[in-house]
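Peer 1: Now for the letters of each chain:
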Amino acid sequence: MANTTNTNYGNQMLSSRIGRGFRQLMGDSSGVMTFIGLILLSLFVLMAIFAPYISPYSPVEPSGAPLLSPQWGHIMGTTNLGYDVFSRFIWGSRMALLIAVIATSIAAFIGIPTGLLVGYAGGVTDRIVTMIMDSVYTFPGLILAIAIAAMLGPGVLNISLSIAVVYIPTYYRVIRSQVSTIKSELYVEGARSIGAKNMTIIGKYILPNVLPSTIVVLSMNIADAVMTEAGLSFLGLGIPPPVPDWGYDLAKGQQFLLQNDWWMVVFPGIAIILLVLGFSMFAEGMDEYLNPNIGEKR
Amino acid sequence: MKTYILTRILLAIPMILIILTIIFFVLRILPGNPVMALLGPKAPPEVVKAMEHQMGLDKPIIVQYGDYLGSILKGDFGVSAYTGVTVIQELMQKFPATLELTIFAMTIAVFIGIFFGTYGAYHFGRTLDIAARVYSIFVYSFPVFWFGIMLQLIFGVWLHWLPVSGRSSPFMIPNHIYTGLYVIDSILNLEWPVLVDTLYHLILPSVTLGVVISSIFVRMVRSNVILSLSSQYVVAARARGAKEKKVIFKHALKNAMAPILTIMGLEFALLLGGAVLTEVTFSWPGIGSYLVTRITYRDFPAIQGAIVFFAMFVAIVSILVDIANAWLDPRVRY
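If you read the protein sequences in the order shown, they are chains A and B. Those letters in the first sequence? Residues 1 to 298, per the numbering used here, in order. Those letters in the second sequence? Residues 1001 to 1334, per the numbering used here, in order.
The hints are simulated quantities; they were obtained by calculation from the structure and are not laboratory data. All of these numbers come straight from a predicted model, not from anything done at the bench. For glycine and all other residues, C-beta sits at the position ideal for the given N, C-alpha and C. Mixed in with the good hints there might be a few duds.
Here are some, though not all, of the chain A residues that point toward chain B, as calculated from beta-carbon distances under 7 angstroms [as the list claims (entries may be wrong)]:
{"#": "1", "residue": "Ser135"}
{"#": "2", "residue": "Ile182"}
{"#": "3", "residue": "Leu186"}
{"#": "4", "residue": "Gln255"}
{"#": "5", "residue": "Asn260"}
Go ahead and model the full structure; you've got the sequences and the hints to work with.
Peer 2: This is the structure we're talking about:
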């Protein structure tokens, strides 16, 4: 339909935009970008894995007086219930990463095979499925996720599912468009002429060629899922308290904003931003490494 | 032109139908029975039955689907289970607030985008350009609600310059409501204090949403202006001795506008998602806040109405943008 310039990974993906911006900015030194992204990422992954060992206090039990400002012992202060903000900052990475990874896996698990099969089949099926996917794609993703999350109710799997639905079309579009060009390549025709079955062609000749971009979309998608999850839990549709969750903490902190308790809202936001930036930079670096000919220069 | 508009509208119909079907599926077939949600899990079965009958939920699913499409066509979204008022009436009352916010946010985003993007392109590779690019990367990674809270903290709590929530101060509502857009109504009523109060309340929410969206515009304007700056007509204009300002704004920017308009249309869905978050952050009484509040009350007809309304809004705007685009750029044809 509309022209989508050179964007390969769906123009609604925020991580693709952030990443591309970084790549343009860094120019030849985009290796630095990938490296910074990787460091940020590993930091959060390590934080999530070793949360029980790193966090100074329990994230769900009072560890001091309520609403302490940042100070020695509570470097990010405490919440209205006396929870340590720094501990919740660390533990929050668990929820964020867990839901993002599950949501991304579900979306990929549905979107990629659909894209492969439909792209390969072509014809009327292709038109119909693409139209359905495009309709979902043009609808505001967050609002769709809100509707599904509201109906399914809280829970890790339910939230992941509602986020996943939003991103299925992204995978579908990327894969389908690649498959429809690859399937007319000479080597695919060659395979067909020597009598390869359709499934063999898809599995052996097409899939390996679309896999690199799939990896890029996966890591970009995680960043977007982190953002959507934060939005949902900010609206009260995420994991019920007291489970540490950045979006929920932000909403809670806002209630105490008028008392100038800035530490409750500044730090969870920074966590979301850093994680999103990390994934975006890393994904863009991967893209350059895996698909060197696709990138938009300048 | 006429046939183009007609084709464009006809093409939108299946899209809208698909989205309505998906919404139906999400709201009716997914677990989370609206009757149980309304009455609570301990409701006696006969009451549940009666309620299901009243809401038409005991009919076959295909009949329910037909009823659903039929009532949407008639603009009938049912009656709110929470207030007892028809949903369409509530939506119409909330819509101007959302519209006012999105118009102001879009204006701010486009303004920042054109200004920063054009200058960035003109100073390609120099400090201003790099500043524009860093801006667009970082601002884009801000969660809308977090950025809104930060502005509330700085301009509301620390500096006391601006109100942090709501659409107007008490008793500062236009006397006569014509459009529901307070800015326009207060001007029509010649109520200047009301206008000032309205604008005061509008600043933070629309800046929040506008700035986050603007990062895309900065990027798009920049790359389009770079393209047109290197084109033949710019070279020709310069050769004729046109002033630099005229070259930038009249020749380069004007020719870069058509793709920017397309992007505005594509970004609209994103803007609406952001609007929901912004409205909740600033207690802005629009459809986004309405949707989120009614979710907590499990007000099923209201939830469905709000989501269908958003879907229609996106569809209409995308049609309008395409028509505007065809009108601006005669080369656009199906």
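Peer 1: Taking the earlier hints as the rules, which of them does this structure contradict?
Peer 2: Hint check: 2, 3, 4 fail, others pass.
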